Structure formats: structure tokens, C-alpha cells
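For the protein sequence lines, the chains are A and B, in the order given.
Each step along the first sequence adds one to the number in this note's numbering, with nothing skipped, and position 41 is 41.
Each step along the second sequence adds one to the number in this note's numbering, with nothing skipped, and position 47 is 91.
Calculated from the structure, these hints are not laboratory results.
Treat the hints loosely; a few may be bogus.
Said to hold, decoys possible - Short derived list, chain A residues pointing at chain B, Cβ under 7 angstroms:
#1 Ala6
#2 Leu17
#3 Val25
Only a predicted model underlies this, so the values are computations on that prediction, with no experimental measurement involved.
We put the beta carbon where it would ideally sit given N, CA and C, even for glycine.
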Amino acid sequence: MTGANAVALAYTIGLALLLGYALRVWLLQRRLHRRIDERSPQQR
Amino acid sequence: MTFPRRAFGAVYWTGTLALLAAGLYLAIFYAPTESTMGEVQRIFYMHMPIAVTMFLACFVVFFASAAYLWQRRMIWDDLAQAGAEVAVLYASIVLLTGMIWARSAWGYWWTWSPRLTFSLMLWLLYLVYLMIRPSIESPQRRALVSAVYGVVAFLDVPLVYASAKLLPDIHPESIELAPAMQRTVLFWFLPVLLLCMGLIVARRRTIRILREANEQRADEPAIPPNAAPTAGDTP
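Please put together the full structure from these sequences, using the hints given.
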């Protein structure tokens with residue numbers, strides 16, 4: 001593996017894991033807040 | 045979610061992503077090529093800040109676990125779980141980027157050197173932390189077992205840090221950097237730290253919401269005490 005290929009692979013894996021987890025947390029948070037917003041005031 | 049919090053979140057995450065993109069630019073185009081290792085040394089700009097920030101995530105687990113043992117409040121358990129998830133994420137990146145670097149620089153993917161071994165142990169410890177949690181049904185018992193485990197698991201952090209200094213190791217203890225390289229690695233700490241803190245806070249919030257929803261569901265009686273009798277009920 002050449003140096004440039006190793007760098008490309010390392011940054012791709014690193015950024016994919018970081019951004020993938022961030023996306024997962026963001027989607028989960030959005031879904032939960034949407035569910036809370038949908039509740040009636042009596043249920044809150 | 046209130047509007048100011050939403051606006052702050054949007055600014056925070058946009059800024060973090062912009063800093064991450066700028067860090068990527070600096071690592072690839074701005075930092076000079078290292079004379080001994082060549083291009084592969086550029087992995088260092090991501091590898092090192094993430095490794096240091098991983099210790100911060102481990103410390104969050106330790107602190108929150110100790111706080112739970114002291115106060116027995118579930119908010120600390122939520123924080124410890126969020127910290128452990130981020131610690132596993134960061135440890136995975138450290139191990140993978142390190143292995144790619146090792147393959148290119150040393151010629152092999154892995155060697156059982158003290159720092160690499162203790163780093164693998166750290167990853168496994170926090171992975172097991174997350175795996176044992178769902179296996180304990182009672183929330184209080186789960187929080188207690190996790191808190192004790194979270195305190196004990198932190199003992200590996202000083203071992204990872206000190207192993208390259210105290211024991212003979214192929215992993216470099218420290219390396220000399222040109223000023224442009226120093227600026228690049230210092231810059232990388234910004235997005236990596238912001239991501240770590242933002243992810244822990246956001247994940248802790250979702251864990252708390254889910255826990256409170258579960259508690260609410262558990263508190264609701266199966267048959268409401270003042271429910272009207274239905275047609276099938278015997279008098």
C-alpha cells in the first residue's frame with residue numbers, strides 16, 4: 001500500500017465512522033423530539 | 045426543542061463540520077511531507093488528536109460512574125453510557141488509522157507492543173461495558189454494575205498513556221514536528237474535541253428521553269384503577 005493510498009483509506013474510515021455516528025445521533029434525536037412535539041399538552 | 049437551543053445546535057454542528065473540512069485541507073495540502081516516513085505520516089493529524097480526545101471520553105465515563113456511585117442519580121448513568129459510546133467510536137478510529145499507518149510504515153498491520161496491546165484492551169473494555177448494559181434488566185442494578193465497571197475500566201487509560209514511556213515499544217513516544225505540522229495537529233484538536241463534546245451531550249439527551257419514556261411506561265398500571273367495567277366483566 002502506498003503512502004497516499006494509506007492516507008486516503010485512513011481518513012475515509014475515520015471520517016465515515018465519525019460522521020456516521022453523528023448522523024445516527026442526530027436522526028435519533030430528531031425522531032424523539034418529533035414524537036414529543038406530537039404529544040398533546042395533557043400527555044406532556 | 046426551543047428555538048435558541050435549535051439555533052445554537054445548528055451553529056455548533058455547522059461550525060464543527062467546517063472545522064473538520066478545514067482540518068482535512070490542512071492535513072492533505074498545507075502540512076509538508078515528512079522526510080523519513082513520507083506521505084503516510086499525514087495520518088498522524090487525525091490519529092493523535094482522536095487518541096487524546098478518546099482519553100477525555102474515557103474520563104467522562106469514569107467521572108459520571110463515580111458521581112453515580114456517590115449520588116445514585118440516573119443522569120450520571122446516562123452520561124456514562126454516552127461517554128462510553130463515544131470512547132468506543134474514538135478508540136475504533138485510533139486502532140484502524142494506527143493499523144493502516146503501521147502497515148505502510150512498519151510493513152505489518154499489528155504487533156503486540158505494550159501501547160498497541162493496552163489500546164486494544166481499552167477498546168474491548170468499553171465495548172464490553174456497552175454489551176453488558178442491556179443484559180441487566182433492573183435500571184438501578186444496571187447503573188450500579190456499569191458504574192463500578194466504568195471506574196475500574198478507567199485504570200487502563202494511564203497504562204495506554206505510560207506504556208510507550210516506561211516500556212520498550214515500537215510505537216513512538218513523541219515525534220519532532222515542523223511548525224506547519226504543529227499548527228495542523230493543534231488545529232485538528234478543535235473539530236475532534238467539539239465533535240466529542242457535542243456527541244456526548246446529544247447522545248446523553250436521547251438516552252435520558254428514552255429512559256424517562258420507559259419509566260413512564262413502567263409506572264402506568266396495566267388496568268387503570270378507575271376504569272369503567274366492560275361488557276365481558278363479571279359483576
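Right, here's what the structure says about each hint:
no.: 1; hint: Ala6; result: 4 angstroms, holds
no.: 2; hint: Leu17; result: 5 angstroms, holds
no.: 3; hint: Val25; result: 5 angstroms, holds
Checked against the numbered hints above, the structure violates none of them.
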